Structures are given as C-alpha cells and as structure tokens.
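Q: Chains as they are written, first to last, in this note's numbering: chain B, 1 to 156; chain U, 157 to 655.
No wet-lab data here; the hints were simulated from the structure.
Remember, it's a predicted structure, so these values are computed and weren't measured experimentally.
Note that beta-carbon positions come from the ideal geometry of N, C-alpha and C, so glycine has one too.
There could be a bad hint or two in this list.
DEER-style ranges, computed between Cβ atoms [stated by the list, open to error]:
| id | chain 1 | residue 1 | chain 2 | residue 2 | range |
| --- | --- | --- | --- | --- | --- |
| 1 | U | Ile574 | B | Ile54 | 23 to 31 Å |
| 2 | U | Ser165 | B | Phe126 | 28 to 36 Å |
| 3 | B | Arg26 | U | Phe171 | 28 to 36 Å |
| 4 | U | Ala634 | B | Ile93 | 51 to 59 Å |
| 5 | U | Tyr564 | B | Ala137 | 19 to 27 Å |
| 6 | B | Leu97 | U | Thr406 | 37 to 45 Å |
| 7 | U | Val627 | B | Arg117 | 58 to 66 Å |
PhoX-like, lysine-lysine: derived pairs with alpha carbons at most 25 Å apart [claimed, not checked]:
| id | chain 1 | residue 1 | chain 2 | residue 2 |
| --- | --- | --- | --- | --- |
| 8 | U | Lys647 | U | Lys450 |
| 9 | B | Lys123 | U | Lys541 |
| 10 | B | Lys63 | U | Lys647 |
So the chains spell out like this:
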Amino acid sequence: MDKKYDIIPTFCWIALSIFVMVESYRLELGNFRNSGPGLMPFLIGIGIFLFSTISFIRIFASKIRAKNSKKNEIASPDQVNFGKVGLVVGLLIIYALFMEKIGFLVSTFLVIVFLFRIAGVQKWRFIIAGSVLTIIATYVLFTFLGIRLPKGIFRV
Amino acid sequence: MDWLPSIISGFQIAFQPGNFLYCFIGVFIGTLIGVLPGIGPGGTIAILLPITFGISPVSAIIMLSGIYYGAMYGGSTTAILVNIPGESSSVVTCLDGYQMAKKGRAGPALGISAFGSFIGATFCVIILMFLVYPLAQAALRFGPPEYFSLMCLGLTLVTYLATGSFIKAVLMALFGLLLSTVGIDIISGIPRFYYGSATLLDGIGIVPLSMGFFGINEVLTNIEAPVERLIFKTKIGSLLPNLEDWKRSTWPIIRGTLLGFPLGVLPGGGGTIASFVSYSLEKRVSKHPEEFGKGAIEGVAGPETANNAGAVGAYVPLFALGIPPNVVLAILVGAFMMHGLTPGPRIIIDHPEIFWGTVASMYLGNIMLLALNLPLIGIWVKILKVPYRVLMPLIILCCIVGVYSVNYNIWDIVIMVICGFIGYILTKFGYEGAPLMLAYVLGPMMEQAFRQSLIISKGSFSIFLVRPISVACLILGAFLIISSGLSYYRKAKSIVQEG
Chain B
1 MDKKYDIIPT FCWIALSIFV MVESYRLELG NFRNSGPGLM PFLIGIGIFL
51 FSTISFIRIF ASKIRAKNSK KNEIASPDQV NFGKVGLVVG LLIIYALFME
101 KIGFLVSTFL VIVFLFRIAG VQKWRFIIAG SVLTIIATYV LFTFLGIRLP
151 KGIFRV
Chain U
157 MDWLPSIISG FQIAFQPGNF LYCFIGVFIG TLIGVLPGIG PGGTIAILLP
207 ITFGISPVSA IIMLSGIYYG AMYGGSTTAI LVNIPGESSS VVTCLDGYQM
257 AKKGRAGPAL GISAFGSFIG ATFCVIILMF LVYPLAQAAL RFGPPEYFSL
307 MCLGLTLVTY LATGSFIKAV LMALFGLLLS TVGIDIISGI PRFYYGSATL
357 LDGIGIVPLS MGFFGINEVL TNIEAPVERL IFKTKIGSLL PNLEDWKRST
407 WPIIRGTLLG FPLGVLPGGG GTIASFVSYS LEKRVSKHPE EFGKGAIEGV
457 AGPETANNAG AVGAYVPLFA LGIPPNVVLA ILVGAFMMHG LTPGPRIIID
507 HPEIFWGTVA SMYLGNIMLL ALNLPLIGIW VKILKVPYRV LMPLIILCCI
557 VGVYSVNYNI WDIVIMVICG FIGYILTKFG YEGAPLMLAY VLGPMMEQAF
607 RQSLIISKGS FSIFLVRPIS VACLILGAFL IISSGLSYYR KAKSIVQEG
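Build the full structure now, drawing on both the sequences and the hints.
A: Quick look at the structure:
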C-alpha cells in the first residue's frame, strides 16, 4: 500500500490506545506495589499511543517535506482486489455462523464450491468433483482423529 | 549429566514406530510446504496444531519440528527451479541457484543445497544437544526480573530486526501484548476485555490467532495476487556435485554452519537472517565475487547451510529459557501449551523424553530429508505445477476444521477469520505479523514476571537495575531502540539538507 495511506492505520492505533487506556483505568490500575488487572494493558496503551504519535509526526513531517520540495509524490495505490477478499471473508463468517445449524457436510460443500469459483476454477465438473472429494477426505480424516463434526438439521 | 544414556533414550523414543512415522510426516509436510510458495511453516504448524491433540506430546513436537526444519530444505527447490523462494530463508538462493539452473546445472545446485543443509543441520543438532542442558541449568537460577528483562530484549531484537519500519514492528509487538491480556487476569482472577463473551473470557486462543494471521492472511493475499510459477524447463540431470563443486562449496558450508547457528539462537533469528548474512560473507571472501548472481555455487551452498543451521539454533532459547526466538517457534510454544507443557529449563528435568526425543528425531529427520530431497526431487517438481486455485479451498477447509476442533466453538472460526482479515489489512500497510505473534506468546509470561518482580521489590523498579543479567538486557534493549531512533534522525536530517 502506498505510504500516503499510512495515516489511516496511525489514526486507528491512536484511537485504539485511547480506548485501551480508558478501559484499563476502569478495570482498576492499583499501584506498583499491588498492581491491578488494568495496569499492564494501561502501560501497553501508553506505549501504543507514544509510538503511533511518533508515526503520525513522521508522516506529517514527510508530507511537509514533499510539499516544500514541490514534488508530486502522490502515487496510485498498489493493485488491490478487495472485492474477492471481502467476498471470502463474508462467506467464511456466514459459514461459521450457520455451520452447526446446517451441518458440516452440506454447509462445507456449498462453501468449497464458492471458494473454487472465487479462486478462478472454471469447470463445473471439476468444482463439484473436487468439492465432494475434498469434503469426504476431510470428514474421514478428522473423524478418524476423533473430531466430532456437526450434523445439523439434515442429520448428515 | 549423563549424556550417553540420555542420547540413547532419545533415540529409543525417536525410533518408536509412532514417533518415527510422525517424524516422517512432519518432514514430508515441511518439504511440501517449503516447495509451495504461498504457505509457510508458521501457517502450517498453526493449521496442524489441533490435530496433535490426539497424539502424545512428544510425537506432536517431533512432527511439528519436522515441518519447521523440513521447510528449510523444500524452499530451495522452488528458489532454484522457479526463481521464487518457497520460504523467506531461500530468498538469496534464487540469486545464484536459478542462474545455475539456467546454465543447465539445476542438479548440482539442488544437490549441494541438500547436502549443505544436511551437514549444517546435523552438526548443529550436536551443538544443540550439548549446549541446552548447561544453559538450562543456568536459567534455573533466573528470577522474575531476569525473565522480564530477557523477554523485553527478545521483543526489542525481533522488532529491531524486522524487515520493515521499526515503529510499525513495535506497534505490532504492543498489539500482540494487548491481545494476550484479553481474558482472565492471571494474578487477580478478574476478567479483562471480554464484554460478556464466553469465548473471550478464556482469552483469544493461539490457534485462531495464528491460523488467522498466518493461514487465512496468506490465502487472502494469494487470492488477490496469485503467485505465478513458471518452471524453468531444463533437465535436472545428476544431482551429485562434481569434485570442483565440492572444492568450491566446502568452506561456504563450514562457514554457513558456524555462522548460522549463533544467528539462529538470537531473538528474531532463525534461517532467514542466517542465509542473508552467509551470502554477503561468501561474496566478500570469494576470490571471484563477480561470479555471484551469475550462478556461483558458493552462493547456494553457504546460505542453504546457514538457514538450516539457524533453524536448529533457534531451539536453544526455546528449550533452555522457554523463549521462542522467532514466530514459527512461538506457534510451536502453542503446541507445548495445548499439551499442558511449558517449554523452558524445567522441561529437560521434568519431561526429558520431550527434549531428547525431539533432538534425536532431528538426526533422523535430516536423513529422511536428504532422501526426500534428492531421489524424489521429481515429485516436488510435479507438485509445483498444482495451481494455487486448487490449493486455496483446501487450506481454508483445514483452517476451519482445525480451529473448530479445539473447543467445538463456531466463534473461534469467526475470530480466526477476523484475525486473518486484520492481518491482511495490516500486511497491506507494511505491518509484519511476526512481532505480534511473538509478543502474544510472551505476553502472559512477561506480565507475570513484571508483576511478580514488583511484588518482590515492594513496588520499586530498581529491582530490574540491581541484578546484573537484568540490567545488561535492559541496557542492550535501550541501545537498540536509541540506535534505531538515531539512524532515523540522521536519515531525516540528510533528506532535509538535500532539499
């Protein structure tokens, strides 16, 4: 990712550090002789705040330098494909939430079919055969290892 | 310490049919993932952690260790034949290995890489065996202040040696420490940052976190930009290097071994740094530095030996102090924890079978790797042709079932996916996962040591400054931070002066 976007995570770090410090304070800090549960997270929060502030100053200073030198340093960000990534992440979260209800075999079959498609496999025959074989192999292996996989409403 | 009976008992454990089989499975998977770019030993160990539940702790550690050092062997195959490093430790092998392949000398390049790896790793296992016990005895005298300062130094070194920005690495380490505080406080018993969630009450598990940051993150990165693999069409030919090759490679192998081991012991070490340092050393001492980058066999022999020596050296702080020096061994600590064990000086006394069994299995594993990587090279070349779009769903499925099987909790899958996505975003912004993972593993130990030290000293921080080992570690850590700050200051100043 281009450096000009570094400011985004820096703000997130600062926000996180403030949140952590407030929450740690609520947990009770205690004192150094008898430290409370919030002391360590509070110190970590201070650390994150300090280093993200340094990062912010660095970014700010580099922007001023770029302005002064009148260089057009704005470049396009790296080629990214958040669409596919977002789709996979969303699919996996939905799968996780419904796996126990629908059952492992059915829900996993559906998700593997989608994943093969997202990954760019074109042939449906390969997708169906690959998904079935993958699930059977996984099911046999993990059941052999003593792992109980959810059966869900279809009882399979 | 009676070395001989301990070594013999180690071999008895390693030769048990079950352990022998798990050692083979480990080195086989290690070579496989080493060959395949896009999935590393950290991600693989994380994926396989839950599977080790059903087997004995010693078998689990033998298998997972096999994956780690096996990946060092496999990484060179891809580097030499495809010019893509299978592992970060094989980056420099691309430089001369691929050039050798282009000149029709892929066989000797693969051969010297395997022989060098074998010699370096085997020699270092011997050093490991004799070094860990006395170090562990010394570490038994360490108190909480020494442990806290040592872990601070370890984390500082890991962030200092990070490939990207030092500040970003520090932020990731702090984030890892923060994640380790989620759940019940080890001293007061009060829950922290759990927000009514029963899953978070137990803390964020190492399995969903490591699978997310290394397994899912790698998959997401590859979905976005798949790694193209163009295998160089050449006959591999004889894998045995000729006499001239051996003559040129002998000293690089010796130097790689002697250099790789101590670099592996250092926090942040392991195979990668060792291979880079070895390459630059070989280039500097060579009588023909102009040949480097054009197919010099020294540029393959030295780094490949060093990365394997470094991988073995990394076990010294793990077994002697309980401190993992790199991210892969930090995930391996998760395997110890899952089996109710804590790596460190006590493990050699309380569970000698784990230490001696693992060490003995490394000898066997390296012999297996030599066999796997020389006569069976053709299989790995064929596996290289498996497209990532076929592997991706399989990796995700293994992650899902693996993480679910730990607690039979669907929220662990959600946590894993979220961690994977956060890891992917952070990687995009140039934040590395290694300091986070290491800090997460060291976090609870650090907090306990820190708070115990303050209880002992009745709240005085001077306890960290009056003990020699503790103060030495803190001074070294402070020196690294200051030197990093100064180098940035000088760089910024020169840019300003230039205009």
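Q: Each hint needs a verdict: does it hold in this structure or not?
A: Each hint, compared with the structure:
{"no.": "1", "hint": "Ile574/U - Ile54/B: 23 to 31 Å", "in the structure": "28 Å, holds"}
{"no.": "2", "hint": "Ser165/U - Phe126/B: 28 to 36 Å", "in the structure": "51 Å, violated"}
{"no.": "3", "hint": "Arg26/B - Phe171/U: 28 to 36 Å", "in the structure": "57 Å, violated"}
{"no.": "4", "hint": "Ala634/U - Ile93/B: 51 to 59 Å", "in the structure": "43 Å, violated"}
{"no.": "5", "hint": "Tyr564/U - Ala137/B: 19 to 27 Å", "in the structure": "21 Å, holds"}
{"no.": "6", "hint": "Leu97/B - Thr406/U: 37 to 45 Å", "in the structure": "60 Å, violated"}
{"no.": "7", "hint": "Val627/U - Arg117/B: 58 to 66 Å", "in the structure": "60 Å, holds"}
{"no.": "8", "hint": "Lys647/U - Lys450/U", "in the structure": "33 Å, violated"}
{"no.": "9", "hint": "Lys123/B - Lys541/U", "in the structure": "18 Å, holds"}
{"no.": "10", "hint": "Lys63/B - Lys647/U", "in the structure": "16 Å, holds"}
Hint check: violations occur at hints 2, 3, 4, 6, 8; the rest are consistent with the structure.
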